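*Asks:* Which chain is which? The protein sequence lines are A and B, in order. No gaps in the numbering here: position 117 of the first sequence is 117 in the working numbering, and each next residue is one more. No gaps in the numbering here: position 22 of the second sequence is 1022 in the working numbering, and each next residue is one more.
No lab work stands behind these hints: they were computed from the structure. On a predicted model such as this, the values are computed, not experimentally measured, just so you know. C-beta: ideal position from N, C-alpha, C; glycine also. Heads up, a few of these hints could be off.
[To be verified] Not everything, but these chain B residues come out facing chain A in the computed CB check (under 10 Å): (1) Asn1006; (2) Ile1025; (3) Ala1051; (4) Glu1053; (5) Leu1059; (6) Glu1096; (7) Phe1098.
[As the list claims (entries may be wrong)] In silico BS3-like cross-links for lysine-lysine, where the CA-CA straight-line distance does not exceed 30 Å: (8) A:Lys206 x B:Lys1057; (9) A:Lys234 x A:Lys108; (10) B:Lys1057 x A:Lys220.
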Amino acid sequence: MTGDLSPILRAIDCIERRLRGPFRVADAAAAAGYSLFHFSRVFSQTVRQSPYEYLMRRRLSQAALDLLESDRRVLDVALDFQFDTPEGFSRAFKKMFGQQPQQFRKQKRVDPRLLMPRLTQDYLKYLPSIPLAPQQAYLEPVELVGLMTVGEKDANPMPGLLEMVEDEIRAHLHDWETISFYGLTLYLQEWGCSSFVGVPAALMTKIPFAFVSKTLHAGKFACFQCVGSEDVCKHTLAYIFHTWLPHANFSPQVQMVVQLFQRVPFSGKKGDTRHQIYIPLSG
Amino acid sequence: MAYLQNHPDRLPPLRDDCVSYEVHIQHPESAERGEYEVFVGMEILRLESLAVELSVKLLPARQYAVFTLSGTQITSDWEQNLVGEWFARSGRRADEGFGFERYDRRFKGLDRVEESEIEVYVPLLPETPPAPPAP
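Just chain B, with the same shape it has in the complex (with noise of 0.2 Å):
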């Protein structure tokens, strides 16, 4: 984000230069290494003719399960307490391949995370049929 507001003649348009997107990708490889892959961004109008060091990456029209994180939740382990129990208490799985946190005017800022609230994407498996009764 630093490079972009720093070079803010190198932007696209934009559909709302508020609102920030951080994608978490894990990949089979990287998973075993315990790593992923962010990647940081906004969202832009057209694909096409961006300057030659900013990338594109596409997230897939799906279902999400979306989590709003208030104040200190950002910075606690939201992942395990509130995704966590809430997948537990569903019975629906989370994709986990990737996951990405929407940042938007409601996002003050990691020194006032207090008065500050995020969004929480995660991909969701789709439902599996109930098994048929036994014969």
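If we strip away everything but chain A, and leave its shape as in the complex, we get (with noise of 0.2 Å):
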């Protein structure tokens, strides 16, 4: 689906106008001038979500926001985003974030991750190049090493790290423009997201004192690939966590993304990457 995204985007307008307020999908139909049969499908197929579960995603995420930054009830949160009853919401904020709202006000973080934003023409553009399902794979287990950084000051510190890696062992491998490098994205509930770039510990004859070392595990994986900027790798994750892994009724709460990042020799674009991303198939 390549078409004019602009029917499209004037809907998503629509929606995000009313996520405090009534919402008939008629009216995003109205908005993108189609009638509502043919925009749902249209909508269906350019967004790979309905109009009605873009909508309880927008207003989940713009609910979860609000418990953590007022100090408003969660009732009237709830009302505010047009849920009829407390429970209606609580059971929907669950599916979506894994926690019902009540804990997640005490927890006060939220992985954002799983915060939806409003979806943009460059998403729209590139998800018809993101594949529907991804292909599993077998990682083997590796020790690391690499650099590390936690915390949410960066919303994403993963460009910056492999940068910064890269410099690093430079002086240490004749051949590193062909090495993958691992990029490792951890959330727990304790201290939010932290983020590790590195290489096998075995490639390296000196490790940097920077450098942390980190163990990942072997295990099953789904894994999506993908070939550009760093947009394109921020696209395939917004699509995993907000399409996928909610349609693959996959738990909300991925503690772990492994990322392979190799850069593309002579692509003709700087700093071309081809991404490997890995969410662990638990069970």
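Make one complex out of these two single chains by using the hints.
*Replies:* Here you go:
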């Protein structure tokens, strides 16, 4: 689906204006200039979510931010976002975030990957390149060394970490341009997000003092691949968290995401990277 | 440390479960902003097969100046008073890239700091040979 995105973007505008007010899918269809039936079909094909699902995920994401940033009662936040009952709100909230709103508010922390932002034209343009379903993959255990950062100070620390690790290992590896870098993103309730970028320890003759070691345990993963700039990786991760995981009925609480990066030489674009994104398949 | 205390099952075999380290690392970029990295951990017996949320930092074998801080010295400006004075007297120079504190059974907690002792390790730069006599 790569046609004119403007009707869908107008519909998204319409939904975004009604997150806190009454909404009918027919309003979004009218904004797009389509019949209700045609709109629902085109929206679902383009966004890979139904209009109602998009509305719910956006309402719940905004409600989660309200719970974190305001002291309004859970019931009031539920009513603000047009939920008729606190039970309905709690059920939908738990499905999206893996915990009840009261528990969520007590912890005062949200996994930022679960909050769905307003979807953009860039994302929708890229979406057709993402495979609907991932491949299954097995990763061997590996001892890694690299740099890590903890906290949400930087929304996406991976590109910066990757550059710093490349700078460090240039002195220690001759063929550093051809190797794959591992990226790990961990989310723990206790301390939030931490990010790590490194290389197999076995490749290094000397480990720089700034580096830390980590063990990646063997396991089965769902693997998504993409090639391009950091934005491409960001869009793929957004698709995984906001569409694929909920549709595949996986728990929204993904503790770890593994990424493999390999620079693409001679691609003509500076910074083009082959990304493989691995989501652990538990059980 | 709170994480390790709350998840003892995630801990690998330790050399001594009463000893912990607080490592302060200053990178050239962060030093400009007056920031430094703090790494808190315990000494482990093997590097492999750790829980993925844990990270390992290797403390290099090298010469350190070791200072024992007792009681209220622990919460005083010991860096300036004790460590700074020793370096001024000794003529040695510290490697300012990192340093660490070692807490063992002698540390009773910040609520009992008067009864506590900790050790501070400051890495030393190699001694510079004396300048040759002028001809």
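*Asks:* Tell me the hint numbers this structure goes against, listed in increasing order.
*Replies:* 6
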